[in-house]
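Engineer: Sequence:
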Amino acid sequence: MSSIPGLPPPRPIPLKDRAQLVFVERAQLDVRDGAFCAVNADGTVTQIPVGGLAGLMLEPGARISHAAIALAARTGTLITWVGEGGVRLYSAGQPGGARSDKLLWQARLALDDNARLKIVRRMFEIRFGQPAPERRSIDQLRGIEGVRVRETYALLAQKYGVAWKRRKYDPKDWEAGDTPNRCLSAATACLHGLTEAAVLAAGYAPAIGFLHTGKPLSFVYDIADLWKLDTVVPEAFRIAGQAALGKLDMAPDRAVRLACRDAFRKSGLLAKIIPQIEEVLMAGELRRPDPPADAVGPAFEEEIGHGDDGHRG
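Residue 1411, in the numbering used here, is where the sequence shown stops; the numbers in between run on with no holes.
No lab work stands behind these hints: they were computed from the structure. Do not take every clue at face value.
[Stated by the list, open to error] Cut-off 27 Å, straight-line C-alpha distance, at most; resulting in silico cross-link-like pairs (DSSO-like, lysine-lysine): (1) Lys1216 with Lys1200; (2) Lys1370 with Lys1114; (3) Lys1200 with Lys1313; (4) Lys1200 with Lys1114; (5) Lys1364 with Lys1216.
[To be verified] Across the chosen pairs, the derived CB separations fall in these ranges: (6) Gln1228 with Glu1376: 18 to 26 Å; (7) Gly1150 with Asp1276: 20 to 28 Å; (8) Lys1364 with Gln1228: 19 to 27 Å.
By construction, the Cβ of each residue, glycine as well, lies at the ideal position given by its N, Cα and C atoms.
When you get a sec, could you build the whole thing from the sequences and use the hints?
Structural biologist: Put into structure tokens, the structure is as follows:
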């Protein structure tokens, strides 16, 4: 993956053509002979096709070298440092950079009350397959959404024979949660990691949300929720049901990750996220702002890259 004399440096692969996420724990990530790899405690080396992944999630015990970070950045792969089970985000290495035209458009939409409401209504329609009720505020739509989500959880719990009370977990104490909540946390962590990689690859800001606000990943939560009930939530309850029956031969959170991987592949999610982002923002019906007439353009003409708009190179 690294640059070879006489050949052009590697360029990012579009997100839709990548695999999903890889979780790494208790390993040293480094670059050996130009290849991104994981060095295990016993000295064995496993190569990782980093340029073909949407992201790497590093759990406790994982360490990464400067060379590995640099290679992941060149290939446009998101690296995040997370807690056990992927449920607590400590830091993230941005795989590209927000494009000013898209960032300004996103901010303009978020600051316009009418445009923001239109976008929230469109997200509601995509998520539930029917138009949002008329003459409802964003707070009211949020309340309706919460009721529907809770009802969906209850129905899935009944379907898979899961003892379900309510959504409750402590991100500081992974083991304190019951199995269904831990499965849901692991599932949503997978979806959020994938969605964050897509938001950044498309050139948008993860923090500028419309339904969710005030968090570093508000927009990530907005977009991830569009697929949450159709992809990862059913898998979380299915795995929790198998765990209750003693039918799992691995830890529930690992089983959830594998199930989410298969669900992402089956649904073709990576190819859908970025176009869906554009569709959602277009619902605001505000055109992209033109650059100021006196703004200075780029000093060097930008080359056409192989990756998405937010990828560098």
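Engineer: Compare the structure with each hint and give your call.
Structural biologist: Here's how the hints hold up against the structure:
Taken as a hint, the Lys1216 and Lys1200 pair is honoured in the structure, with Cα atoms around 18 Å apart against an allowance of 27 Å. With a C-alpha separation of about 8 Å, the suggested pair Lys1370 and Lys1114 falls inside the 27 Å cut-off, and the hint holds. A C-alpha spacing of about 19 Å is found between Lys1200 and Lys1313, which places the hinted pair at or below 27 Å, so the restraint holds. About 19 Å separates the Cα atoms of Lys1200 and Lys1114, which keeps this hinted pair within 27 Å; it holds.
The suggested pairing of Lys1364 with Lys1216 is violated, with an alpha-carbon distance near 30 Å, which exceeds 27 Å. Against the hinted window of 18 to 26 Å, the Cβ-Cβ separation of Gln1228 and Glu1376 comes to about 22 Å, which satisfies the hint. For the pair Gly1150 and Asp1276, the supplied restraint of 20 to 28 Å is violated, since their beta-carbon distance comes to about 36 Å. Take Lys1364 and Gln1228: their Cβ atoms lie about 24 Å apart, and the range 19 to 27 Å holds.
Checked against the numbered hints given earlier, the structure breaks hints 5, 7 and satisfies all the rest.
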